[in-house]
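Taking the working numbering, the leading residue of the sequence shown gets 1, the next gets one more, and so forth.
A hint or two may mislead.
To be verified - Pairwise CB distance ranges, derived in the manner of DEER restraints:
(1) PRO40 / ALA107: 15 to 23 Å
(2) ALA271 / ALA23: 36 to 44 Å
(3) ARG133 / LYS204: 41 to 49 Å
(4) VAL159 / PRO43: 25 to 33 Å
As the list claims (entries may be wrong) - Here are the simulated DSSO-like cross-link-like pairs (lysine-lysine), alpha carbons at most 30 Å apart as the crow flies:
(5) LYS16 / LYS204
(6) LYS78 / LYS16
(7) LYS2 / LYS169
Think of the hints as simulated: they come from the structure by calculation, not from any bench.
Nothing here was measured: the structure is a model prediction, and the numbers come from that model.
Each residue gets a CB set at the ideal place from its N, CA and C atoms; glycine is no exception.
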Amino acid sequence: MKILVLYYSQTGQTEKALQAFMAPFMEEMAYEVTFARIVPKRPFPFPWPFFEFFGIMPETVLGVPIEIEPLPVSPKEKFDLIVLGYQPWFLSPSLPVSSILQSPWKALFRDTPVMTIITCRNMWIEADRVVTRTLEQLDARLVGKIVITDPGPSYATFVTTPMWMLTGKRKFRNPLLDRYFPEAGIPEKDLEGAVRFGRALAAKIDRIETVTSEECFEEETARIIDRLRRAERAGKRVFRVWARLIRAVSRPGTLLRSVMVFLFVIYLCLAILIGMPIVSLINRFLPRSPHRDEVASAVGIEETPPSDSTAVPSSKSVTS
1 MKILVLYYSQ TGQTEKALQA FMAPFMEEMA YEVTFARIVP KRPFPFPWPF
51 FEFFGIMPET VLGVPIEIEP LPVSPKEKFD LIVLGYQPWF LSPSLPVSSI
101 LQSPWKALFR DTPVMTIITC RNMWIEADRV VTRTLEQLDA RLVGKIVITD
151 PGPSYATFVT TPMWMLTGKR KFRNPLLDRY FPEAGIPEKD LEGAVRFGRA
201 LAAKIDRIET VTSEECFEEE TARIIDRLRR AERAGKRVFR VWARLIRAVS
251 RPGTLLRSVM VFLFVIYLCL AILIGMPIVS LINRFLPRSP HRDEVASAVG
301 IEETPPSDST AVPSSKSVTS
């Protein structure tokens, strides 16, 4: 059986999760596993310069493709399973991944079972929605999703994740601050814990053409947090407005783009500092979501109490 592991990993966390997930398959001679890293022709830096980090928001949100280096496989090659690993950027699929799905290599997905593995802060629903829709348009068959998230509280990851992206530092290295702001990113044990999902899939791999996510990962349930679902939808609408505005008046790398990005960041900070507390207060008085029983076929890594979340029967949850 031929398996393609297609991914983009900037910090290395997605790659580690994929290696753990694929370990059961790598141990067996019956599987021919090919790892294919997506490489932009103009590589993105890490850590990111401030204006370059926020400057890619318009193209990311609007799905404007970038040039990608050729993959080590032919677009015409046929695989029995594709494992797609990616991260959300600005509530959208990362630009390298959305670009490969618009490139000649999109032909790889046609009539092929696909498993997605998402590594992220804690907001992944909108990015997953885009990838799922794109895979459907490519006539791929999505057999399941695994979502591995940073277990830190939202208030902390709002600070530590951008700090990591912009400075390369995952923690403050100050005893007082580190008490309230845990190290950014996904703990190693959670990345390594993806191996158990690989084992679960390997046990059903002979029925990959017909197996469902519920059958593969029947032992656990993930949760979609209602307040994050609403926040993502609202945030994505705002990002689209700013993305269209910025692209309409500026080009990447120009002074005007930097000015527009600066205005966007000011707006974003105000929205987080002022708007989020107001939204949280309003959410306390909103009726329970009508989508409480929605099946999302995802594997989440979260420590959220059931009262704040939507149960997902076809999902798994890896709790830190």
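Hints, verified against the model:
Taking the beta carbon of each, PRO40 and ALA107 are about 20 Å apart, inside 15 to 23 Å as hinted. The supplied range of 36 to 44 Å is met by ALA271 and ALA23, whose beta-carbon atoms lie about 41 Å from each other. Restraint check, ARG133 to LYS204: a C-beta distance of roughly 25 Å breaks the suggested window 41 to 49 Å. Distance hint check: the CB atoms of VAL159 and PRO43 are about 27 Å apart, consistent with the given range 25 to 33 Å.
Distance hint between LYS16 and LYS204 is fulfilled; the C-alpha atoms sit about 23 Å from each other, no more than 30 Å. For the hint linking LYS78 to LYS16, the alpha-carbon distance of about 25 Å falls within 30 Å, and the restraint holds. At roughly 38 Å between alpha-carbon atoms, LYS2 and LYS169 are farther apart than 30 Å, so this suggested pair is violated.
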